[in-house]
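A.B. asks: The chain contents come next:
Protein chains: 2
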Amino acid sequence: MADVETITYPAEQLHEFMVRVFENIEVPTADAKTAADVLASADLRGIESHGIARLTVYHEMVNVGRINPKANVTIVRERKATATIDGDNGLGLVVGPKANDICMDKADQVGTAWVAVRNTNHYGIAGYYPLEALKRDQIGWSMTNTTRIVAPLWGADRMLGTNPIAIAFPGKEEPPIVIDMATTTAAFGRIEMAIRKDRPLPDGWAIDKDGYETNDPHKMVDGGAMLPLGSERERGGHKGYCLAAMVDILCGPLSGANWGPFTPAFSLAHRDPDQWVGKGIGHFFGAMQIDAFIDPDEFKQQIDHWIRTFRATPAAPETDGPLIPGDPEREAEVIRRRDGIPLVIPVVEDLRAVSKQTGIPFE
Amino acid sequence: MADVETITYPAEQLHEFMVRVFENIEVPTADAKTAADVLASADLRGIESHGIARLTVYHEMVNVGRINPKANVTIVRERKATATIDGDNGLGLVVGPKANDICMDKADQVGTAWVAVRNTNHYGIAGYYPLEALKRDQIGWSMTNTTRIVAPLWGADRMLGTNPIAIAFPGKEEPPIVIDMATTTAAFGRIEMAIRKDRPLPDGWAIDKDGYETNDPHKMVDGGAMLPLGSERERGGHKGYCLAAMVDILCGPLSGANWGPFTPAFSLAHRDPDQWVGKGIGHFFGAMQIDAFIDPDEFKQQIDHWIRTFRATPAAPETDGPLIPGDPEREAEVIRRRDGIPLVIPVVEDLRAVSKQTGIPFE
Chain X
0 MADVETITYP
10 AEQLHEFMVR
20 VFENIEVPTA
30 DAKTAADVLA
40 SADLRGIESH
50 GIARLTVYHE
60 MVNVGRINPK
70 ANVTIVRERK
80 ATATIDGDNG
90 LGLVVGPKAN
100 DICMDKADQV
110 GTAWVAVRNT
120 NHYGIAGYYP
130 LEALKRDQIG
140 WSMTNTTRIV
150 APLWGADRML
160 GTNPIAIAFP
170 GKEEPPIVID
180 MATTTAAFGR
190 IEMAIRKDRP
200 LPDGWAIDKD
210 GYETNDPHKM
220 VDGGAMLPLG
230 SERERGGHKG
240 YCLAAMVDIL
250 CGPLSGANWG
260 PFTPAFSLAH
270 RDPDQWVGKG
280 IGHFFGAMQI
290 DAFIDPDEFK
300 QQIDHWIRTF
310 RATPAAPETD
320 GPLIPGDPER
330 EAEVIRRRDG
340 IPLVIPVVED
350 LRAVSKQTGI
360 PFE
Chain D
0 MADVETITYP
10 AEQLHEFMVR
20 VFENIEVPTA
30 DAKTAADVLA
40 SADLRGIESH
50 GIARLTVYHE
60 MVNVGRINPK
70 ANVTIVRERK
80 ATATIDGDNG
90 LGLVVGPKAN
100 DICMDKADQV
110 GTAWVAVRNT
120 NHYGIAGYYP
130 LEALKRDQIG
140 WSMTNTTRIV
150 APLWGADRML
160 GTNPIAIAFP
170 GKEEPPIVID
180 MATTTAAFGR
190 IEMAIRKDRP
200 LPDGWAIDKD
210 GYETNDPHKM
220 VDGGAMLPLG
230 SERERGGHKG
240 YCLAAMVDIL
250 CGPLSGANWG
260 PFTPAFSLAH
270 RDPDQWVGKG
280 IGHFFGAMQI
290 DAFIDPDEFK
300 QQIDHWIRTF
310 RATPAAPETD
320 GPLIPGDPER
330 EAEVIRRRDG
340 IPLVIPVVED
350 LRAVSKQTGI
360 PFE
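If you read the sequences in order, they're chains X and D. All residue numbers for the first sequence refer to numbering that gives the first Met the number 0, where the first residue is 0 and numbers rise by one. All residue numbers for the second sequence refer to numbering that gives the first Met the number 0, where the first residue is 0 and numbers rise by one.
Hints listed in this document are in silico derivations from the structure and should not be mistaken for laboratory results. Please note that a few of the clues may not be correct.
One copy or two, either will do: identical chains are not told apart, so a pair holds if it fits within one copy or between any two.
[Said to hold, decoys possible] Here are the simulated BS3-like cross-link-like pairs (lysine-lysine), alpha carbons at most 27 angstroms apart as the crow flies:
| # | residue 1 | residue 2 |
| --- | --- | --- |
| 1 | K79 | K134 |
| 2 | K278 | K171 |
| 3 | K299 | K171 |
| 4 | K278 | K299 |
| 5 | K32 | K97 |
| 6 | K97 | K79 |
| 7 | K208 | K355 |
So here's chain X without its partners, still in its complex pose (with noise of 0.2 angstroms):
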């Protein structure tokens, strides 16, 4: 980000601008509070393109009526340790958290849980809801499926979305173990700022609209596709397929949410598919109790000493070594609590055209 300019604001002024923003397209107070929380979460741990980046897109979504800021999200079927959930195709940033707490009582009560959600949009950054489950002494889990935009290996068409998988682990007095990450090659986020800068993507990233490999950003967005992890048959892209694939299906078909090239678009800059298989996007959450398998003092002592052994990795050459899933994140966020949260130009932008909009003030 350095060479991209940038104005900075403390996170606390961002919160509040959001919670109003929310507040004004006539979401609930407390589910403002929790779609602003969500958000700041991006933010703070250093994903730019999942925090008050998407702000705009969610109040245009629920200024014409696409997403609905009052959801009652409901339970459909329940066993003891599963729920399906409804969203009322309510903003994710509310329903993803509404669920994730009920998958956490569930994993309280008998051990573990999950529970799928449909009918619902956009959630924020996979990892919040993990970070969630690690306050309750839990391992959470969480998937969503999104707008497609990954084409398979061997395809040449948009027919998964970014699909991440996030799970966390507790430390003692190591801080915790955090993975959060999409099943594609890249963040799209990157091939933005490729965009942005007009340079080349690396090679295994992407492909144009005919299925050819691409370096160039441009033919990526006109049609082509992101690949997914592995982006080849010889390096693996088979198996990032299968990951993105596996998260489609168990937030899609098991919760009876759209799948595949049947996801709704995420804006409007974006076309719906011609026909839904399901409702909204899904979602699906994953909670385990640590004290169900092992006591919880052992399990995060363990943890202590697995950051220390792979930190202590004999470093490959011309690297500083191994880092512990969770580090780059934790270390954007020391310092952005500290000296504020960097927005590029168009962003801020577009937030005080939200401003002038909605007469809540920014600066």
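Knowing the structure of chain X, use the given hints to seat chain D on it.
C.D. replies: This is chain D only, laid out in the frame that chain X set:
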């Protein structure tokens, strides 16, 4: 395999031989049959590296007292939806199916379950276990940590196993979607094959003992390491490392098994670590009753639709279009059930040696 000399045997003959060899090392008959089933499923599905080719190692490890043939599998901690199981240092081929049964029974009661297993050994192909779950209208998960052979991204040492993840989803008219993938770029069996044929490795598979990327399979085997899915930072190698870490932690610290570089050696040819941090290796089994989330018939119809939709994806240039996960293994199984199991000569020689040693006829 076409250019490697093989001898073909009927699947039943190999199965019978395996049962008798396991019985010969005092594995109870029912367990011997289960163990043979697991190995046979690998050979039938074309995953030769995990089938009867491993019988010699198991036979040897039991013979020298490193694996307990008469393991008493016990539940050491339990909730309605979870269990932690001690495998009594048994064959993973016996402990795994028992733990998986316990998991599926629990899922039948409360909708879903996870079972963590410690003090166990290598359990065959990860995909065997979710295939069992399909028989009960469940979605099964299976993971295991394994002997260290993979470097974390930016590391120059073997710190993780190939740590596979498997899951399967039933169709109604279509065959099931079966995902079974090591979290490495390529299977170790393909590196062994490159050595046998004296061919270079593709880029992104391996590093040498100093941590430099190498195309020489000998340099990988000689103190080098395999690379996680994604291979390098630009292609998402941190994500493959994250997946391998996730499997390692769920199977190791959560069950009380060894993890990472402390996992026991797979065979007598490898050296055990200098210290233990748990017992044996670990597995992690999950089961989800489909009916706990959605009408199973509706789910299976959606899976059929999913499969047909993805098969109809426009093909990338010079390909026949995307496969459905599990296609290659199912096609192998049709051929192998009909024509028999081809074994490479070194495996045949190993089995002849076991036959000679035990007096059990092989051919």
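A.B. asks: Hints first: check each against the structure and report whether it holds.
C.D. replies: Do the hints match the structure? See the list:
1. K79 - K134: both (22 angstroms within a copy, 22 angstroms between copies)
2. K278 - K171: Answer is between: at 21 angstroms across copies they meet the 27 angstroms cutoff, but 41 angstroms inside does not.
3. K299 - K171: within (5 angstroms within a copy, 43 angstroms between copies)
4. K278 - K299: Classified as between; 17 angstroms across copies, 40 angstroms inside a copy.
5. K32 - K97: within (13 angstroms within a copy, 47 angstroms between copies)
6. K97 - K79: Answer is both; intra-copy 17 angstroms and inter-copy 23 angstroms each pass.
7. K208 - K355: neither (38 angstroms within a copy, 60 angstroms between copies)
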